[in-house]
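J.: Working from the sequences, and respecting the hints, build out all of it.
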Amino acid sequence: MKKKEDDEKTGQCQCEHGYTRRGFLASVGVGAMAAIATTSKLSSAKEASPAELSAEKAVVVTLLVNDRTHRLLVEPRWSLLYVLREHLGLTGTKVGCERGECGACTVLIDDLPRNACLTLAVEAEGRRITTLEGLMQGEELGPVQQAFVEEDAMQCGYCTPGQIMSVEGLLRARPQPTPAEIRQAVSGNLCRCGTYPHIVKAAARAADLKAKR
Amino acid sequence: MKDDERDLYFVEGIAVPQTPLPGEEPAAWGKTTVIGQRQPRVDAYERVSGTAVYPSDVVLPNMLYGALLRCPHAHARVKKVDISAAERMEGVHAILTGASLAGKVKWPYSEEVVTDLFDAQCRFEGEAVAAVAATTPYVARDALRAIAVEYEVLPFVADERESLAPGAAQIHAGGNRFKAETYERGDVNKGFAEADVVLEEKYRTACEIQSPMELHGCVANWEGDSLTIWESTQGVYAVQAKTADILGLPLSKVRVIGHYMGGGFGAKLQPGKYTICAALLARKIGRPVKIFLSREEAMLAAGNRPPANMTIKAGVKKDGTLTALQFSGLGSGGAYPAGGTSLLDWLVRDLYVCPNVQSELTDVAINAGPARPFRAPGHPQCAWALEQMMDALAEAIGMDPVDLRLKNVPLVSQGREGSPPYTTTGLSACITEGAEAFGWREARRRTAAARKEKNHLKRGVGMGSCVWFVGGGRPPSTVIVKLFADGSVNLNMGASDIGTGTKTVMSMVLAEELGVRPETIQIEHADTGSTQYATPSGGSKTVPTESPAVRSAAIAVKQQLLKMAAGELGSPLENLRYTGEYIEATDSGKKVKITDLASLKKQGVVVGIGYRGPNPEGKVVNPFAAQFCEVEVNTRTGEVRILRFLGAHESGRVMDRLTFDNQVFGGITMGIGLGMTEKRILDANSTGKMVNRNLHDYKLPTALDVPEEMVSLPVDMPDSEANNTGAKGLGEPVTIPTAAAIANAIYDAVGVRVRQSPADPLTMNRLLAEQSPEERS
Amino acid sequence: MTVHFSYVRPASLQDAMGQLTGDNARIHAGGTDLLGCLRDEVFPVDKLVSISRLDKLRGIKKTTDGGLSIGALTTIAEVAVHPLIREKYTALAQGAAAVGSPQIRNQGTLGGNLCQKPRCWYYRGEFHCLRKGGDFCYAAEGENQYHCILGGDYCYIVHPSDTAPALQAFGATLRIAGPRGGRDVSVADFFVPPSRDVTRETVLEQEEIVTEILLPPAPAGLRSAYRKVRARQAWDFALAGVALALEQEGGRVQKSRVVLSGAAPIPWRAVEVEKIINDSTLGAEVIREAAAAAMAKAVPLSKNGYKIPLFQGMLEEELEKMRGA
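Protein chains in written order, with this note's numbering: chain F, 1 to 213; chain G, 214 to 990; chain C, 991 to 1315.
Think of the hints as simulated: they come from the structure by calculation, not from any bench.
Predicted, not measured: the structure shown is a model, and the values here were computed from it.
Be careful, since some hints might not be right.
[Claimed, not checked] In silico lysine to aspartate or glutamate, EDC-like type, Cα no more than 20 Å apart, as pairs:
| id | chain 1 | residue 1 | chain 2 | residue 2 |
| --- | --- | --- | --- | --- |
| 1 | C | LYS1265 | C | GLU1239 |
| 2 | G | LYS667 | C | GLU1275 |
| 3 | G | LYS804 | G | GLU794 |
| 4 | C | LYS1046 | F | ASP110 |
| 5 | G | LYS814 | G | GLU781 |
| 6 | G | LYS667 | C | GLU1307 |
| 7 | G | LYS665 | G | GLU655 |
| 8 | C | LYS1293 | G | ASP372 |
| 9 | C | LYS1293 | G | GLU983 |
| 10 | C | LYS1046 | C | GLU1197 |
| 11 | C | LYS1046 | C | GLU1068 |
| 12 | G | LYS832 | G | GLU238 |
| 13 | C | LYS1293 | C | GLU1131 |
| 14 | F | LYS201 | G | GLU921 |
| 15 | C | LYS1311 | G | GLU845 |
| 16 | G | LYS667 | C | GLU1306 |
| 17 | F | LYS201 | G | GLU922 |
| 18 | C | LYS1293 | G | ASP910 |
| 19 | G | LYS455 | G | GLU325 |
| 20 | C | LYS1107 | G | ASP910 |
| 21 | G | LYS392 | G | GLU375 |
| 22 | G | LYS776 | G | GLU237 |
| 23 | G | LYS317 | G | ASP458 |
| 24 | C | LYS1293 | G | GLU375 |
[Said to hold, decoys possible] A few chain C residues facing chain G, derived, Cβ under 10 Å:
| id | residue |
| --- | --- |
| 25 | MET991 |
| 26 | GLU1116 |
| 27 | GLU1133 |
| 28 | LEU1229 |
| 29 | PRO1299 |
| 30 | MET1304 |
| 31 | GLU1307 |
For each residue, glycine too, the CB sits at the ideal point set by N, CA and C.
T.: Dropping the structure here:
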């Protein structure tokens, strides 16, 4: 469990699965909001309410990430990428350009690969967000992750989470893709180490692993 | 030897203790059981599960976010920095400026050129002017916007070809020429006179940006007077040394940690100004500070491969004997001395047998971000020129390009004083076996025949070969291997795994030597506070530097276990055999399970220390390669499609076939970037600013830009003279001949020489438009 | 890391239009282009009006006249794979498939693709250029290798859309909602060349929203294609592109529309090409003549002369593919 001042700094929820909304608000959420309000005079947390997204500087959003609900106080300009990484601690999603040009931040939104850097956190409300961590089954790797290990589909590993999410998105839509479809599916994910041939092989293997499971 | 980067990779002349002692080096491995297999990465789980914590992932309690204000002009003088508005902003905790540091913090751009950290003279766009720390990165950027800087905008020069022209903007008081070097052996005029054919041509490669996917940056935290830095780096000890030096701290008070890092390619061998700023801000506020650059900042200020302008004149006899090579190169590493022509002539000097060689290199200043070593400094550029010239010579004398190269394979390093021999050279094997596996001769016949057909889609094949200047590894390196009472093993080494699989290869070495499973090995690495000294991972030297030290440490462990067993089994040492799980006495037939050794149980652990021994005296350890490719050129649109690639690489012993192949494909991919898509573009006419500072205007190859068919053909030649694992480096040679091979294939397809990189539709349409309609169809 | 802005996500089109008052309120559809512009501080912003809750603006359906209606919020990916679009309006599906990256296509909308801002690096960069209210176009004398060869007039951007040329080739119409009622504007009339107004790209007014893209029925014998030549095979804009929509009968071209991308500040109808290929069987001579005519009025800048042979070669190749279809 993180320290309390950590929570105060980030306005981050530490909610565990199973917290009721009321319980969460009472225990953490209000404190988090208050912390933001005191550190920034620009904040207008008091005016913010979950029903209204029109607040000037800070609003409450509810994000459904990896099947868990997180209620957070965010600025409208905050990207989903920033919130995932720096506030929810889901650093499997990487930051490479913050311009939608490298794919390192790829997450699934309603099963489709999208750039978390080009998605405002407030826009992600009501959507189903899946990050790399969400592909884990407990401590066990998901089939795409497993295939990436077996085919050595990584070098420095920094683009790898995004590649995996793009492949996961592809396989959810097309369980038995052709090599051409695989290459197309990861074409928005730059790999400077140049691991592409292994990534294509891993995607094909992942399709097989998924079919078997 | 004159390499600017060598100091970054190696420390010369250090006498280090050695294990085993000189003359007691272990015999080379015979048949291996683990080494050479396809071993998935030992840290793959961490990397695919999101549990690997990269420096950019670090979030500390109470942490603030820093950002650097950067000069928007190519050349300017800071007259005034007004931070009053920014200081008053909520959430802004500290601001550093030139005034606030009062000249007390210096930044060494090179040994000779030292400036203030925030120097009033901004010699390139992106130079640091101020730094802030705030509660969120968003607020930090708000603060930067609120800082008002008054600049005196100065004349600039953005094109290295204009740098020495009369009237060009002067960047340094001493003028714009940083360095002029010459090299000569034999007599080129005599050589040209002996030649049957003499050709001269000009080539240019564009400036490239390293662009690792993880940006440059760090998190800095003070505990009392001790500084800890989590840095995305290729070498934690290099970051420690420079940071301690700049901040005036003892090395022992600076701990640098870089367990994972998202790529560097030479751009992360040293700390950045951001490292110093993060440390200073963190100290000022008393809270941890995280600074990671934006992609745009990294493009401007975190390194590049200098543009290279090369003229090459070559003489050859009809039988393929090279008689003379004359080379001149002009480059610029930006606004400060940064190796603008580093190793630019090396292939001309060393790759092929040639008695008469002359070269001159001129390194000049331009108003652009300083270069940093970029994967095989100088080599891919030189290959672009030399390897195209070799093809032109082959055509001129009616010889196959493969045969011309094979005719001129050297066994000694001619470029070095006294022409010392290579320990091993796989150059011939790479060319021969590569050509065979590629189907070179058949493909040449096919493309020659097809050229006569009326079709606007033309195919061609091309090749290129290379040597890499270093790649043999060197001391110093110290590693510690601990074997615990239960037989599990811990490896402690300072080297970073920059994505090449260092940790995996070292685990395989331990497994091979100690008989343990690679995945049971725990590795502590890349932490100056808790792991041993190592030089940065770069220059294709990590495996040949670290793996011999690891093997030596494993042997030291083994020797202690054998001593324990000698007592417990009552047999002399020479009669004991280590079989992995057991130690057996060949005389009595008795054996003891290692984990049953009483002394081990009592002691709890056996510690083995391994040092990297010296390289062989008077010999040179280099890796070699040849690459082959086939392209299709659309003569109507100038589109070039790469259909297939083959890389034949000799890097001594193949350690892990899986990561070996991955490196080969990666190097080819990066070479495709140089050859086909990448170029820094400065607005040379009006502002000098970089216009393509993002990842769609600066075009790294995507999965659709590399061929579907890529083949890695290892030429496995364990080099027992080089070191005790027989491995040489691989990371550099894989990208050296790629672009040149593409250019040669384009020539084979359509008969145009792509002298300036990249071979994109812009270049290709210009070149094809110069051809007659008959040639195009 | 953008500046502060407020954010609203209205539930109705009326509300959305009402929220768009003030010069610095911007529509957020997919956000892929908008957020990039905000990062680069291309224009000021104080409020984002997200229309993502307006589900009526989503989806592809047949119209009563036999054409097709595509909601403005339909994603590029949905357009690219839609069976009816692939079959009847192939060029549009191909154009959509050529946009950006898979992630961008999953997020970006067709309406947004039509309303996106130019990709000129001076416009996007730290240059106070003419289009941003400055005094001159940096590209005119600068790094203009990706700029226009047709239709440039003080400003030399190229229009970045891959879907607009196809839509224009099909004679599509945009349905626009506004506070004072709706209007229909043909795609051909939607884009504003710099000669008319250098500070805007479309005729869309501040409080207006594109709601629907209407395709007329595809006539029998219609065949279409979109071709894009680029420097990189993903996440790249057209160096040269063309949308062709040809109606042929008995091997003879009855009617044609040819619209270029990567050529001009707006999708560029190549009427000269159409005139030559209409009523022809697309013989080699006609094709050569047509390709040359497309570039007859081209005025290259200092660094983009390569586009002329490129366009000609590409047109020759694409027209040949259309022959006898």
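J.: Compare the structure with each hint and give your call.
T.: To see whether the hints hold, each was checked on the structure:
1. Taken as a hint, the C:LYS1265 and C:GLU1239 pair is honoured in the structure, with Cα atoms around 17 Å apart against an allowance of 20 Å.
2. Among the hinted pairs, G:LYS667 with C:GLU1275 is consistent with the structure: their alpha-carbon atoms are about 16 Å apart, no more than 20 Å.
3. With a CA separation close to 10 Å, the supplied pair G:LYS804 and G:GLU794 stays within the 20 Å bound.
4. Of the supplied pair hints, the one linking C:LYS1046 and F:ASP110 holds, its CA atoms being roughly 19 Å apart against a limit of 20 Å.
5. Restraint check: the Cα-Cα separation between G:LYS814 and G:GLU781 comes to about 13 Å, which is no more than 20 Å; the hinted pair holds.
6. Between G:LYS667 and C:GLU1307, the direct Cα distance comes to roughly 14 Å. Compliance with the 20 Å bound is thereby established for this hinted pair.
7. For a cut-off of 20 Å, the pair hint linking G:LYS665 to G:GLU655 stands: about 16 Å separates their Cα positions.
8. Note on C:LYS1293 and G:ASP372: the hinted pairing holds, with a Cα-Cα distance of about 16 Å set against a maximum of 20 Å.
9. Note on C:LYS1293 and G:GLU983: the hinted pairing holds, with a Cα-Cα distance of about 16 Å set against a maximum of 20 Å.
10. For a cut-off of 20 Å, the pair hint linking C:LYS1046 to C:GLU1197 stands: about 18 Å separates their Cα positions.
11. Under the criterion of a C-alpha separation no larger than 20 Å, the hint pairing C:LYS1046 with C:GLU1068 is consistent with the structure, at around 15 Å.
12. A threshold of 20 Å between alpha carbons decides the hint, and for G:LYS832 with G:GLU238 the separation of about 18 Å falls inside it, so the pair holds.
13. In summary, the hint linking C:LYS1293 to C:GLU1131 is supported, as the alpha carbons are separated by about 9 Å, within the 20 Å threshold.
14. Straight-line distance between C-alpha atoms of F:LYS201 and G:GLU921 comes to about 11 Å, which keeps the hinted pair within the 20 Å bound.
15. About 19 Å separates the Cα atoms of C:LYS1311 and G:GLU845, which keeps this hinted pair within 20 Å; it holds.
16. Among the hinted pairs, G:LYS667 with C:GLU1306 is consistent with the structure: their alpha-carbon atoms are about 15 Å apart, no more than 20 Å.
17. At most 20 Å may separate the alpha-carbon atoms for a hinted pair to count; F:LYS201 and G:GLU922 meet this at roughly 12 Å.
18. A threshold of 20 Å between alpha carbons decides the hint, and for C:LYS1293 with G:ASP910 the separation of about 16 Å falls inside it, so the pair holds.
19. A C-alpha spacing of about 15 Å is found between G:LYS455 and G:GLU325, which places the hinted pair at or below 20 Å, so the restraint holds.
20. Taking the CA atoms of C:LYS1107 and G:ASP910, the gap is near 15 Å; set against the 20 Å cutoff, the hint holds.
21. With a C-alpha separation of about 16 Å, the suggested pair G:LYS392 and G:GLU375 falls inside the 20 Å cut-off, and the hint holds.
22. The suggested pairing of G:LYS776 with G:GLU237 holds, with an alpha-carbon distance near 17 Å, which does not exceed 20 Å.
23. Simply put, G:LYS317 and G:ASP458 have alpha-carbon atoms about 13 Å apart, close enough for the 20 Å limit, and the pair holds.
24. A threshold of 20 Å between alpha carbons decides the hint, and for C:LYS1293 with G:GLU375 the separation of about 19 Å falls inside it, so the pair holds.
25. Checking C:MET991 against chain G: minimum C-beta separation of about 4 Å stays under 10 Å; hint holds.
26. Interface restraint check: C:GLU1116 against chain G, minimum CB-CB distance 6 Å, threshold 10 Å, status holds.
27. The restraint placing C:GLU1133 at the interface with chain G holds, with a minimum CB-CB distance near 5 Å, inside the 10 Å limit.
28. With 10 Å as the threshold, the beta carbon of C:LEU1229 comes within range of chain G, its nearest partner Cβ sitting at about 6 Å, so the hint holds.
29. For C:PRO1299, the interface hint holds, since its Cβ comes within 10 Å of a Cβ in chain G; the closest pair sits about 5 Å apart.
30. About 5 Å separates the beta-carbon of C:MET1304 from the nearest beta-carbon of chain G, less than 10 Å, and the hint is met.
31. Taking 10 Å as the C-beta contact cut-off toward chain G, the hint placing C:GLU1307 at the interface holds, the least distance being around 5 Å.
In the structure shown, no violation is registered for any of the earlier numbered hints.
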